[in-house]
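Produce the entire structure from the sequences given, and follow the hints as far as they go.
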Amino acid sequence: MKKILFIEDEAVLQKTVSEVLVNHDYEVLQALDGEIGLRIAREKQPDLILLDLIMPRKNGFEVLEELKQDETTKHIPVIVLTNLEGPEEVERVLNAGATTYLVKANYSLEEVLQKVKDTIA
Amino acid sequence: MSPTTQTSSFWQKLNLVDQCKQYRVSLLACPHFLFLVMGFVMIVAMVGTNIVAQRYGDPEIVIFSVSGVTMILFIISHVVVRSFERIALASKAKAEFVSIISHQLRSPLTSIKWLIETLVKDSGKIDEQSKPYLKTVNDYNERMIRLVNDLLEVNRIEDDRMTLRLTENSIVDITKKTIEDYKQFAATSNITLVPEIDESVPKAVFDETRLRWVIENLVNNAIRYGRANTPVTVKISHDKDSIHWSATNQGIGISKEDGKRIFEKFFRGNNSVKLQTEGSGLGLFIARSIVEASGGKIGFSSEENKETTFWFTLPVNNPKKSIQH
Numbered sequence: 001m002k003k004i005l006f007i008e009d010e011a012v013l014q015k016t017v018s019e020v021l022v023n024h025d026y027e028v029l030q031a032l033d034g035e036i037g038l039r040i041a042r043e044k045q046p047d048l049i050l051l052d053l054i055m056p057r058k059n060g061f062e063v064l065e066e067l068k069q070d071e072t073t074k075h076i077p078v079i080v081l082t083n084l085e086g087p088e089e090v091e092r093v094l095n096a097g098a099t100t101y102l103v104k105a106n107y108s109l110e111e112v113l114q115k116v117k118d119t120i121a
Numbered sequence: 001m002s003p004t005t006q007t008s009s010f011w012q013k014l015n016l017v018d019q020c021k022q023y024r025v026s027l028l029a030c031p032h033f034l035f036l037v038m039g040f041v042m043i044v045a046m047v048g049t050n051i052v053a054q055r056y057g058d059p060e061i062v063i064f065s066v067s068g069v070t071m072i073l074f075i076i077s078h079v080v081v082r083s084f085e086r087i088a089l090a091s092k093a094k095a096e097f098v099s100i101i102s103h104q105l106r107s108p109l110t111s112i113k114w115l116i117e118t119l120v121k122d123s124g125k126i127d128e129q130s131k132p133y134l135k136t137v138n139d140y141n142e143r144m145i146r147l148v149n150d151l152l153e154v155n156r157i158e159d160d161r162m163t164l165r166l167t168e169n170s171i172v173d174i175t176k177k178t179i180e181d182y183k184q185f186a187a188t189s190n191i192t193l194v195p196e197i198d199e200s201v202p203k204a205v206f207d208e209t210r211l212r213w214v215i216e217n218l219v220n221n222a223i224r225y226g227r228a229n230t231p232v233t234v235k236i237s238h239d240k241d242s243i244h245w246s247a248t249n250q251g252i253g254i255s256k257e258d259g260k261r262i263f264e265k266f267f268r269g270n271n272s273v274k275l276q277t278e279g280s281g282l283g284l285f286i287a288r289s290i291v292e293a294s295g296g297k298i299g300f301s302s303e304e305n306k307e308t309t310f311w312f313t314l315p316v317n318n319p320k321k322s323i324q325h
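Sequence order for the protein chains is A and B. Just so you know, UniProt numbering puts 53 at position 53 of the first sequence, and the rest follows in order with no gaps. Just so you know, UniProt numbering puts 109 at position 109 of the second sequence, and the rest follows in order with no gaps.
Honestly, the hints are just simulated from the structure, not real lab data. There's no promise every hint is true.
For the chain A half of the interface with chain B, some residues (derived, Cβ under 8 Å), not all of them [as the list claims (entries may be wrong)]:
# : residue
1 : K2
2 : V12
3 : L13
4 : T16
5 : L109
Chain A side only, calculated, beta carbon under 7 Å to chain B, not exhaustive [as the list claims (entries may be wrong)]:
#  : residue
6  : E10
7  : N83
8  : P87
9  : T100
10 : K104
11 : A105
Every residue, glycine too, gets a C-beta built ideally from N, C-alpha and C.
Set out below in structure tokens:
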């Protein structure tokens with residue numbers, strides 16, 4: 001069973017997306033802030049990380065940059081799932097090594113699930 | 001433009017109180033008024049200096065009066081600069097406010113969107129009678145998401161931060177897909193979508209997502225403001241330099257007066273307000289910005305209560321092939 005780490009501070013979104021992923025036979029690890037997310041990523045070595053950007057304690061940009069600098073986690077694909085979409089943010093995230101950048105409000109759950117499937121097929 | 005309008009807009013521009021009200025600043029902090037004062041001081045100073053110079057042959061008095069006037073002008077200039085600064089800062093604060101609010105709105109809107117999707121998918125959770133209500137909630141939610149997206153796009157346009165993601169695409173394919181997607185919406189308004197598409201139109205370089213947005217918006221408008229039991233014709237053709245796209249409907253049309261402002265931000269024509277309450281007045285403003293940033297032109301022709309055509313062109317060989325803006 002593939003492991004997905006979902007780092008998102010909004011509890012409702014965390015629950016909704018996790019349920020869908022579990023229903024499609026993924027194991028879901030949940031983190032409600034960047035610091036916990038980073039720790040789980042190092043300890044549990046997930047197959048994919050879904051990452052929000054605006055979060056308490058450690059934001060998504062910092063998490064992504066640390067993940068990509070760490071030899072043990074740099075290979076893990078990261079899908080950024082956020083509601084920010086300024087050109088600077090998109091550029092920073094893609095330069096830092098994110099696989100895909102999705103603006104939450106513009107995607108259905110079905111489409112998010114499809115991106116997950118495409119990334120860890 | 002009719003002579004009456006020309007005259008009225010000329011007098012409007014001379015009405016300083018009205019002009020300053022638009023900036024929401026007092027008369028003494030309004031650049032228009034301060035410029036007028038400065039001009040007046042300069043005329044008085046020149047005449048005064050001339051009189052002083054003629055009456056008193058003493059150069060020291062002339063120097064003294066010129067220095068005094070220069071100081072007054074310096075103070076007024078300083079106030080003008082400060083008032084411009086205040087207006088610029090207010091505009092920046094407003095743009096930041098829109099951006100923060102829009103991002104904050106997106107999170108709950110996403111939660112609602114995804115929760116409804118979960119409910120609808122899991123048919124056991126919801127009875128048949130409730131489904132239409134849920135669909136209405138979903139439609140309103142999608143409308144709010146579109147509005148927030150449009151506000152953010154306007155903000156980017158005004159900050160000159162709109163980044164086009166340019167790739168080679170087929171405007172024919174995008175248009176055909178849009179016509180397919182809007183068929184049902186047209187049918188509910190008793191309108192037939194008639195494609196007149198030249199299949200030999202070449203591919204071009206543009207931002208696919210944004211141009212799709214423009215095409216959907218223009219087709220949507222043509223249906224929304226078209227008369228029932230009439231066609232909406234969507235046409236694509238090309239010559240050696242550019243691709244021509246247009247959507248024509250039969251309907252209430254746009255008055256000459258409204259036509260002058262139709263591409264302005266937040267503007268909604270009188271006829272459109274009569275027909276449709278929905279609409280933010282942002283669509284055509286954004287469409288114009290996207291088409292122009294892509295190296296094309298956008299426009300319309302309209303005969304009230306007869307036929308209206310909105311059109312845009314795109315260069316076949318887009319010189320702006322790299323990311324710009």
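Point to revise | chain B contact restraint for A:P87 - C-beta distance below 7 Å | key: holds (4 Å)
Review point. With 8 Å as the cut and Cβ atoms as the points, is A:L109 at the interface with chain B?
Key: holds (5 Å)
Check your understanding: Taking 7 Å as the limit, does the beta-carbon of A:K104 come near enough to a beta-carbon in chain B?
Key -> Since chain B brings a Cβ to about 4 Å from A:K104, closer than 7 Å, the hint holds.
Check your understanding: Are A:V12 and chain B close enough, Cβ to Cβ, to be under 8 Å, as the hint says?
Key -> Holds - the Cβ of A:V12 comes within 8 Å of chain B, reaching about 5 Å at its closest.
Exercise for review: Double-check A:L13 for me: the hint is only fine if its C-beta lies closer than 8 Å to a C-beta in chain B.
Suggested key: A:L13 check passes; min Cβ-Cβ to chain B is 6 Å, inside 8 Å.
Review point. Can we keep the A:T16 interface hint, with Cβ of chain B closer than 8 Å?
Key: holds (5 Å)
Check your understanding: Regarding the hint that A:N83 lies at the interface with chain B, is the smallest CB-CB distance below 7 Å?
Key -> holds (4 Å)
Point to revise | Status of the hint placing A:K2 at chain B (closest C-beta pair under 8 Å) | key: Violated - the Cβ of A:K2 stays beyond 8 Å from chain B, reaching only about 21 Å at its closest.
**Study point:** chain B contact restraint for A:E10 - C-beta distance below 7 Å
**Key:** Hint on A:E10: holds, closest Cβ of chain B at ~6 Å, below 7 Å.
Exercise for review: Report holds or violated for the interface hint on A:T100, using the least CB-CB distance to chain B and a cut-off of 7 Å.
Suggested key: A:T100 check fails; min Cβ-Cβ to chain B is 14 Å, beyond 7 Å.
Practice item. So, A:A105 near chain B? Judge it on the closest CB pair being under 7 Å. Key: At about 5 Å, which falls below the 7 Å cut-off, the nearest Cβ of chain B leaves the hint on A:A105 intact, so it holds.
Checked against the numbered hints listed earlier, the structure breaks hints 1, 9; every other hint is satisfied.
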